[in-house]
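Numbering-wise (the UniProt record's numbering), the sequence shown opens with residue 1 and increments by one.
Treat the hints with care, since some could be wrong.
[As the list claims (entries may be wrong)] As a list, the in silico DSS-like pairs of lysine-lysine whose alpha-carbon atoms are at most 25 Å apart:
(1) K66 <-> K56
(2) K66 <-> K179
(3) K19 <-> K56
(4) K66 <-> K19
(5) K179 <-> K152
(6) K20 <-> K66
Derived by calculation from the structure, the hints in this document are not laboratory data.
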Amino acid sequence: MATDSATRADAELPLRERKKRRTRRALEETALRLFGERGFDATTLDELVDEVAISKRTFFRNYASKEDVAMAAEIELWDAYVAEVRGADLHGPVLACLRDALVAAVRRLGDDWDRRFVATRTLVDRTPTLRDRSLLLSVTVQERIVSALEDKLGLDGRKDMRLWLVGEVSLSAWRCGSKNWVAGRGTVEGGRGQDRTRTLIRRVEEAFDTIPDSLALCA
Numbered sequence: 001m002a003t004d005s006a007t008r009a010d011a012e013l014p015l016r017e018r019k020k021r022r023t024r025r026a027l028e029e030t031a032l033r034l035f036g037e038r039g040f041d042a043t044t045l046d047e048l049v050d051e052v053a054i055s056k057r058t059f060f061r062n063y064a065s066k067e068d069v070a071m072a073a074e075i076e077l078w079d080a081y082v083a084e085v086r087g088a089d090l091h092g093p094v095l096a097c098l099r100d101a102l103v104a105a106v107r108r109l110g111d112d113w114d115r116r117f118v119a120t121r122t123l124v125d126r127t128p129t130l131r132d133r134s135l136l137l138s139v140t141v142q143e144r145i146v147s148a149l150e151d152k153l154g155l156d157g158r159k160d161m162r163l164w165l166v167g168e169v170s171l172s173a174w175r176c177g178s179k180n181w182v183a184g185r186g187t188v189e190g191g192r193g194q195d196r197t198r199t200l201i202r203r204v205e206e207a208f209d210t211i212p213d214s215l216a217l218c219a
């Protein structure tokens with residue numbers, strides 16, 4: 001179900017774009033439901049498009065594959081993260097800038113995104129095909145972040161491994177923080193919407209804050 005804020009935002013778009021967004025939402029919601037009930041591999045693309053009452057041609061105008069519709073919430077996150085980094089005016093430690101960009105991306109994804117992301121991660125955890133797809137997305141977003149940093153800092157990632165390391169550390173902090181959040185560690189009891197999003201941000205910020213102690217850890 002679309003949130004009030006999403007509905008208001010849609011109302012400002014041209015009719016064609018509103019229809020496209022409604023189709024994408026219907027596909028994402030139906031895909032997560034069917035994949036959750038029947039399993040990703042056991043659900044065919046024919047069953048998905050029949051359930052939404054669209055053609056395969058319409059499906060492929062919106063998504064490249066069944067994997068992409070299942071991973072839509074994660075893809076939205078990475079696109080938003082890269083956009084924030086590219087639009088940021090970087091000052092100070094780059095890792096802190098990446099943390100701020102990641103938090104800003106989560107904040108602007110909308111009230112319903114967190115629910116879809118949890119459903120996606122639950123599905124990924126039990127589906128090897130989607131685990132592989134998630135790992136590939138993580139590698140790809142690291143490359144995109146490094147490219148953005150190269151442009152902004154005037155550095156060459158082929159010669160300066162710091163760009164790759166800082167990109168990977170930011171993604172590792174995300175993975176640790178979001179994993180704790182999905183698992184319910186420290187979440188607000190009965191939280192939803194903005195409460196859930198604020199809790200996710202806290203878990204991610206905690207992971208970033210732990211990085212210095214982690215690097216200094218001794219046996």
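Quick rundown of the hints versus the structure:
For the given pair, K66 sits about 11 Å from K56 by alpha-carbon distance, which is consistent with the 25 Å threshold. A distance of roughly 24 Å separates the Cα atoms of K66 and K179; the hinted pair therefore holds under the 25 Å criterion. In summary, the hint linking K19 to K56 is supported, as the alpha carbons are separated by about 16 Å, within the 25 Å threshold. A C-alpha spacing of about 20 Å is found between K66 and K19, which places the hinted pair at or below 25 Å, so the restraint holds.
At roughly 30 Å between alpha-carbon atoms, K179 and K152 are farther apart than 25 Å, so this suggested pair is violated. Of the pairs offered as hints, the one joining K20 and K66 holds, with about 17 Å between alpha carbons and a cut-off of 25 Å not exceeded.
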